Amino acid sequence: MDEFITSKEMRIYDLNAIALGVSDLQLMEVAGRNIADIIEKTLGNLKGKNVVVFAGTGGNAGDGLTAARHLASKGAKVTIYLLSKPEEIRHEASLTQYLAVELMDLSIDLKIVKDISDIPDRVEANVIVDALLGLGVRGRVRNLYSKAIDCINRSKALKVSVDIPSGIDPDTGEVLGNAVKANITVTFHKPKLGLKKRPEYVGKLVPVDIGIPPEAEYYVGPGDLIYNYKVRGFSSHKGQAGRVLVIGGSEVFTGAPTLSALAVLRTGSDLVYIAAPSRAADIIATYSPNIITIKLEGSDHLIPQHLNVLKYWIDKADCIIIGPGLGLSPESGEAFIKIVEYAKKSNKPLVIDADGIKHLAENKEVIYSEIILTPHSGEFKKLTGMDLPSEKDLWGRAEVVKKACKELGNPTILLKGPIDVISDGLRVKFNKTGAPAMAVGGTGDVLSGIAASLLAKGLRPFTAACLAAFINGLAGAIAYKEVGEGITPTDIIDRIPRVIADPLTMFRKYLIYKRVR
Numbered sequence: 073m074d075e076f077i078t079s080k081e082m083r084i085y086d087l088n089a090i091a092l093g094v095s096d097l098q099l100m101e102v103a104g105r106n107i108a109d110i111i112e113k114t115l116g117n118l119k120g121k122n123v124v125v126f127a128g129t130g131g132n133a134g135d136g137l138t139a140a141r142h143l144a145s146k147g148a149k150v151t152i153y154l155l156s157k158p159e160e161i162r163h164e165a166s167l168t169q170y171l172a173v174e175l176m177d178l179s180i181d182l183k184i185v186k187d188i189s190d191i192p193d194r195v196e197a198n199v200i201v202d203a204l205l206g207l208g209v210r211g212r213v214r215n216l217y218s219k220a221i222d223c224i225n226r227s228k229a230l231k232v233s234v235d236i237p238s239g240i241d242p243d244t245g246e247v248l249g250n251a252v253k254a255n256i257t258v259t260f261h262k263p264k265l266g267l268k269k270r271p272e273y274v275g276k277l278v279p280v281d282i283g284i285p286p287e288a289e290y291y292v293g294p295g296d297l298i299y300n301y302k303v304r305g306f307s308s309h310k311g312q313a314g315r316v317l318v319i320g321g322s323e324v325f326t327g328a329p330t331l332s333a334l335a336v337l338r339t340g341s342d343l344v345y346i347a348a349p350s351r352a353a354d355i356i357a358t359y360s361p362n363i364i365t366i367k368l369e370g371s372d373h374l375i376p377q378h379l380n381v382l383k384y385w386i387d388k389a390d391c392i393i394i395g396p397g398l399g400l401s402p403e404s405g406e407a408f409i410k411i412v413e414y415a416k417k418s419n420k421p422l423v424i425d426a427d428g429i430k431h432l433a434e435n436k437e438v439i440y441s442e443i444i445l446t447p448h449s450g451e452f453k454k455l456t457g458m459d460l461p462s463e464k465d466l467w468g469r470a471e472v473v474k475k476a477c478k479e480l481g482n483p484t485i486l487l488k489g490p491i492d493v494i495s496d497g498l499r500v501k502f503n504k505t506g507a508p509a510m511a512v513g514g515t516g517d518v519l520s521g522i523a524a525s526l527l528a529k530g531l532r533p534f535t536a537a538c539l540a541a542f543i544n545g546l547a548g549a550i551a552y553k554e555v556g557e558g559i560t561p562t563d564i565i566d567r568i569p570r571v572i573a574d575p576l577t578m579f580r581k582y583l584i585y586k587r588v589r
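The sequence shown runs 73 to 589 under the working numbering.
There could be a bad hint or two in this list.
What the hints assert, rightly or not - SDA-like, lysine to any residue: derived pairs with alpha carbons at most 20 Å apart:
hint	residue 1	residue 2
1	K253	E287
2	K454	N435
3	K276	N106
4	K383	E287
5	K478	L498
6	K262	T78
7	K219	D243
8	K113	E81
9	K504	E287
10	K253	G208
11	K420	K504
12	K276	I298
13	K276	I110
14	K553	R570
15	K269	K478
16	K310	E287
17	K228	E287
Hints listed in this document are in silico derivations from the structure and should not be mistaken for laboratory results.
Note that this is a predicted model, so its numbers are computed, not measured.
Using the sequences provided together with the hints, build the complete structure.
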């Protein structure tokens with residue numbers, strides 16, 4: 073049996089497919105045609121056969137309406153019970169499919185259910201198509217829908233459910249008060265997790281391919297961002313959207329931690345602190361009034377004694393970035409390891425970048441699963457000792473990154489490149505957003521800030537790393553389109569909110585621009 077997926081994963085793949093140019097209407101058309109074909113294969117010649125379709129208001133209903141049209145074209149006598157007013161159909165593609173069947177009055181008997189009494193106790197049919205409730209079902213099934221389910225279950229007809237039997241929770245398999253007991257469940261792309269748990273309601277499970285491109289699943293896309301990004305609630309207060317501590321800066325480097333901190337704020341966290349040696353902290357404080365600086369006294373670079381001050385701020389933060397502008401002095405390396413060890417005790421999420429990765433290469437035993445590492449290919453080699461295949465061999469690179477994750481204690485690795493590779497040792501995704509002009513100093517610091525903000529919002533490391541790569545690359549691509557070759561890291565930071573606010577539109581514009589280029 074195929075891999076089972078969650079309803080959220082399916083929604084992500086759907087939206088990513090749309091972003092890649094495959095419309096939901098195209099997907100719906102293929103889904104409906106498959107349902108009709110499976111019914112024909114099961115029953116044989118459909119000419120003169122009685123088919124009843126029960127449809128709700130969402131995308132599941134659209135699949136059923138599409139199937140009704142194809143079944144009528146095969147000679148079946150089709151009756152549709154639509155459990156809503158046409159103007160209440162909320163799914164645009166479903167409304168298009170409704171308009172297609174509305175005028176088919178010679179081959180389809182369309183019944184608009186206005187009251188519970190409009191639903192018969194039983195229907196006589198050769199086959200019933202259940203297109204009432206799909207992945208969006210919430211709470212117990214009541215009223216019209218419950219009676220429709222009873223009507224379906226009383227029939228001796230072949231019962232075919234669209235994607236999932238109505239009334240079954242697609243993720244848990246829970247029966248939500250009342251559910252269809254199907255003979256066949258035609259599920260799309262991949263089976264949903266709840267189907268695995270309710271075989272007595274599912275009947276024969278038939279997964280069908282509806283044309284979702286593999287890239288919609290393996291490349292990070294707008295769907296990943298839309299369905300995973302956590303937006304503040306209206307009653308939220310300061311700190312609930314995340315507190316991030318950036319540890320970095322030295323006598324030479326002050327810009328790197330600042331860029332990370334500004335990216336944290338633009339990604340939606342409430343508070344960001346930069347802990348830096350005193351002279352660096354004084355300079356950083358002049359860059360932006362939005363950043364809170366913590367002065368680390370006694371040296372112009374990070375030293376082990378600074379941990380005494382940092383413990384309070386580490387405990388206070390939801391996530392820590394360590395590495396930007398840190399420098400490579402042996403004392404800083406010693407301090408870095410002590411800080412990571414301290415964070416490890418409380419399983420605190422960390423993003424380790426730049427100089428932090430270089431220090432980590434000599435002390436890999438401190439790595440743990442709540443860490444995101446963001447190496448480029450050279451840093452990856454230094455950290456792991458592993459050679460990467462050519463950038464053209466994405467799957468080969470993915471296997472090496474997966475192996476490295478397992479050997480290092482299962483952190484998440486975001487391998488930066490023309491196409492980013494993200495893995496936690498179990499899963500792999502790729503990110504294709506970006507622009508050539510992003511190959512300038514500071515863009516990696518922006519990436520770290522985005523990842524840390526997402527971790528601070530409560531996302532798991534693999535998801536946070538995937539979204540960070542996508543946001544950073546797309547913001548960079550937009551900056552490249554608008555500014556040209558001379559983009560700076562702050563140009564990318566300024567465009568982060570636009571990507572988060574409307575990733576689908578931004579992605580489509582970026583793709584069109586990239587193709588023209």
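Problem - Hint numbers not upheld by this structure, sorted from lowest to highest - result: Hints 1, 4, 7, 8, 11, 12, 15, 16, 17 not satisfied by this model.
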